[in-house]
Amino acid sequence: MGIELVHIGFNNIVVMNRVVAIASPTSAPTKRMVQEGRNKGMLIDLTNGRRTKAVLITDSGHIVQAALAPETIAGRLQASQLREITFGADENEG
21 MGIELVHIGF NNIVVMNRVV AIASPTSAPT KRMVQEGRNK GMLIDLTNGR RTKAVLITDS
81 GHIVQAALAP ETIAGRLQAS QLREITFGAD ENEG
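The sequence shown begins at 21 in the numbering used here and counts up one residue at a time.
Cβ-Cβ distance ranges computed for the label pairs, FRET-style:
id	residue 1	residue 2	range
1	Met62	Gly108	27 to 37 Å
2	Ile105	Glu56	33 to 43 Å
3	Lys51	Phe107	31 to 41 Å
If you are wondering where the hints come from, they were derived from the structure by calculation, not from laboratory data. Since the model is a prediction, treat every value here as computed from it, not as a measurement. Even glycine gets a Cβ: it sits at the ideal position worked out from N, Cα and C.
Using the sequences and the hints given, assemble the complete structure.
Written as structure tokens, this is what we have:
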């Protein structure tokens, strides 16, 4: 499996292979994580000034804020994986 890139809005793309979790920004632990990321310089805000609807935690410790809902991001990842399986099978048949 190669690098999985997923568009998370406003021409921003995330390498999903590096994402450990996608969380809602409303819980207290997630809010603390975002604040710690901000303090350490590890916060990446990809919301373009919109309300944060998802927080992505990466294996490198970076915290990414996105304006798309976690369900939307997960759905795009699933659609991307389905396309890979479908088109990958077509390439191997020829």
